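J.: As given, the protein sequences belong to chains A and B, one line each in that order.
So the first sequence is numbered by the numbering used here: it starts at 1 and just counts up by one.
So the second sequence is numbered by the numbering used here: it starts at 1001 and just counts up by one.
Any given hint could be a false lead.
[Said to hold, decoys possible] To give a feel for the contact side, a few chain B residues facing chain A, derived at Cβ under 10 Å:
1. 1096
2. 1143
3. 1188
[Claimed, not checked] Residues of chain B clear of chain A, computed beta-carbon distances all greater than 12 Å:
4. 1008
5. 1028
6. 1036
7. 1101
8. 1146
9. 1158
10. 1192
11. 1196
In case anyone wonders, no lab produced these hints; they're calculated from the structure.
Since the structure is predicted, the reported quantities are computational estimates derived from the model, not experimental observations.
Even for Gly, the Cβ is constructed at its ideal location relative to N, Cα and C.
Protein chains: 2
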Amino acid sequence: MKLHEAPSPNARRVHVFLKEKGLDAIPSVPVDIRGGENLTSQFRAKNPFGRVPVLELDDGTLLSESVAICRYLEGLHPQPSLFGTTPLALATIEMWNRRAEINFMLSATGAFRNLTGFFKDREKISAEWGVISLENAADALQRFDAVLVDSEFLAGDRFSIADITMGCALDFAKMVKLQLPFDLPGISRYHQALQARPSFQNS
Amino acid sequence: MKLHEAPSPNARRVHVFLKEKGLDAIPSVPVDIRGGENLTSQFRAKNPFGRVPVLELDDGTLLSESVAICRYLEGLHPQPSLFGTTPLALATIEMWNRRAEINFMLSATGAFRNLTGFFKDREKISAEWGVISLENAADALQRFDAVLVDSEFLAGDRFSIADITMGCALDFAKMVKLQLPFDLPGISRYHQALQARPSFQNS
């Protein structure tokens, strides 16, 4: 296997996942997204949507989308489970991973891209939407905070893929200095606990 | 079980899923989203993010997010599988479901909400972002079309949850008259084939 990737919150989700599983790193093939390599026809043959990371299996099969890559690795290496095993655990973790991604991560990355114009050489942006996205991300953090004051992790007392999504999104939002209420008590406690995990420290 | 819901593309995904599984409908509890019932503290106790549908189990457990609800039902009723069973099938279907949702469905619903102001009593909107979202949805359709001229379904030759997401999103986008290239050959063939399925016709 090899992982076509560039430094990003999404690639980091795969790295943290591998470390939480106790698996070795997958050989990396760097993709120059700043230079637009991911938008070339050569790369789009690997992923028509031009996104990284892409996992390439030894037989040439290509898997995109960090959560799909992680779910493949979970299938190969079921323990420790980060997606759940019972129908209810699988669904609860899926619910929280989706909330972390759709309600927080996509709002935070949308705020970053539309406010800074980081990818304005290749996508249309709207500063107005950047402001709205930042407000949506802040509102989502309030909702997560209300849960995290009572719960160790998003899906209860067990660490899961949902926490990888949320932790990578929180780290990204803080790194790019989005003005968000990171000091809410539940969020602050939770974020510090994630950052202290070896998987996050070394990814 | 009961399903707290309102007419929407997301609720419809659960209905189509049940029919594809050959399962009975789940008793429905209507939620008046036009009247803002989903934003009340009473409803937010069921889902803090105020979204429908929400599946309530007989013991009171609550599951939000249509894909999480479907994954729970898949766990209870594994056949016919709509999420895949091998690690590679699970991952491939996850990848396509995410592409359908993030690259097309979210862009289409974003275009609708921001261009029409359908929910402007409760969310800030940006017409500028609505225009960009519509362009993003059109671009995504081109990418899907290139795959669907050669492939019967998104994840290959087997119908999956990814096709439910894409079909419900296509039907919604057409119903609200988004100006999108529905007549692309692969998209047109695929959309007609989905609409002919009893599960889509009766949901």
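J.: Hint by hint, say whether it matches the structure.
T.: Comparing the hints with the structure gives:
The interface hint given for residue 1096/B holds, since its Cβ lies 9 Å from the closest Cβ of chain A, which is under the 10 Å cut-off. Satisfaction of the interface hint for residue 1143/B is found here, the shortest Cβ-Cβ separation to chain A being roughly 5 Å, below the 10 Å cut-off. Contact between residue 1188/B and chain A, as hinted, is not supported at the beta carbon level, the nearest pair being about 19 Å apart and thus beyond 10 Å. For residue 1008/B, the requirement that its beta carbon stay farther than 12 Å from each beta carbon of chain A is met, with the minimum near 15 Å.
With a cut of 12 Å on Cβ distances, residue 1028/B stays outside the contact zone with chain A, its closest approach being about 19 Å. In this structure residue 1036/B is separated from chain A by more than 12 Å, as the shortest Cβ-Cβ distance comes to about 16 Å. Listed as a non-interface residue, residue 1101/B fails to keep its Cβ farther than 12 Å from every Cβ of chain A; the least gap is roughly 9 Å. Listed as outside the interface, residue 1146/B is inconsistent with that label: its C-beta sits roughly 6 Å from the nearest C-beta of chain A, within the 12 Å cut-off.
The claim that residue 1158/B is not at the interface with chain A holds, since no C-beta of that chain comes within 12 Å of its own (minimum 16 Å). Remark: the non-interface label on residue 1192/B is consistent with the geometry, its nearest Cβ contact in chain A lying 22 Å away (cut-off 12 Å). Interface exclusion of residue 1196/B from chain A stands, the closest Cβ pair being 26 Å apart, more than 12 Å.
When the structure is compared with the earlier hints, violations turn up for hints 3, 7, 8 and for no others.
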